[in-house]
Amino acid sequence: MAMRYLTPFRWGRRNVPAGREGEGYPIDIFQREMNKLFDDFFKGTGLKPFSEEMESFGEFTPQVNMTEDDKSIQVSAELPGLDEKDIEISLSKDSLTIKGEKKEETEHKDKEAYYMERSFGSFTRVLPIPKDVNTEKAEASFKKGVLTISLPKLEKEKQSQKKIKIKAG
Amino acid sequence: MAEPSKSLKPEKAQAQEATVAERTKDRRTYIPVVDILEDTNNLYIYADMPGADDRSVNVTLENDVLTIEAQVADVSFDKHNVTYAEYGIGDYYRAFTLNEPFERDKIEAKMKNGVLSIILPKAEAVKTRSIPIKVG
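Residue numbers (our numbering), protein chains in the order written: chain Y, 1 to 169; chain C, 1 to 136.
There may be inaccurate statements among the hints.
[To be verified] So, partial list: chain Y residues that the calculated Cβ filter (under 8 Å) puts toward chain C: (1) M66; (2) D69; (3) E78; (4) L79; (5) L82; (6) D83; (7) D94; (8) E101; (9) E112; (10) Y115; (11) R118; (12) S122; (13) T124; (14) G145; (15) K163.
Derived from the structure by calculation, the hints contain no laboratory data. If you're wondering where the values come from, they're calculated on a predicted model, not measured in any experiment. Note that CB positions come from ideal geometry on N, CA and C, so glycine has one too.
Assemble the whole structure, with the sequences as input and the hints as a guide.
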């Protein structure tokens, strides 16, 4: 069982897709469910103990999805209101960093605000990459406020996922 | 500092969120987050709708209800497994009740990088004016 699920100050930290620890073990699933229960209970109340909510209050953090098939890993992030020029992506052997700043469209001077649900500011997100990828061939596109990054897997990774045939005896 | 008009009360501008009892679509619908600002001449609405297609965005004003709708193109990777997901993909819908007349013909809406901006110019009749006091 991963230690980070047991340390209270880590509750509510964004779970990053680091490997696949404990996948499938009932006790881990139970542990995660319990932590989620606590997280959901305190969600939005600002009362969560050891919470990250207070630190990051009002700041913009993009949400990320990650999918993969046998050839590549696709990472997409919601970045509404950003320009491709405002986004910086860097890739190292085992992590992907997305940096940027979300700016407001208009100055608040002389304006009265009724609703302020959106958040702004600069952000950095570091995502561990669970597999070896070909950093040379990584591609990124930005459309309609959604950033999509494609990371092709290395040949040896592709091969390592080969199916093993069973010979009939 | 311009004098903010007192006629548009925040509680009146409250969102009337989709309170449909029955879902008529097989897709998820999200309520976009918005900022609403006002100055002496206009009301500004900014809505974050990442992934929404420019052509699918629909802004309608019926009587005094302003509705924002947008469809998001389905980006599914057929043989891809989801490793990690923080956001869901679906359409957007949100409606607001306006309790102040606006210049209906001059409402502007623009979609850029997943952000919808709407500018509603106030009708002449409701603009705040300062009345000069004559010295008698």
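Results for each hint:
no., hint, result
1, M66, "holds, 4 Å"
2, D69, "holds, 5 Å"
3, E78, "holds, 4 Å"
4, L79, "holds, 7 Å"
5, L82, "holds, 6 Å"
6, D83, "holds, 6 Å"
7, D94, "violated, 15 Å"
8, E101, "violated, 13 Å"
9, E112, "holds, 4 Å"
10, Y115, "holds, 4 Å"
11, R118, "holds, 5 Å"
12, S122, "violated, 17 Å"
13, T124, "violated, 16 Å"
14, G145, "holds, 2 Å"
15, K163, "violated, 15 Å"
In summary, the structure is inconsistent with hints 7, 8, 12, 13, 15 from the numbered list given earlier, while agreeing with the others.
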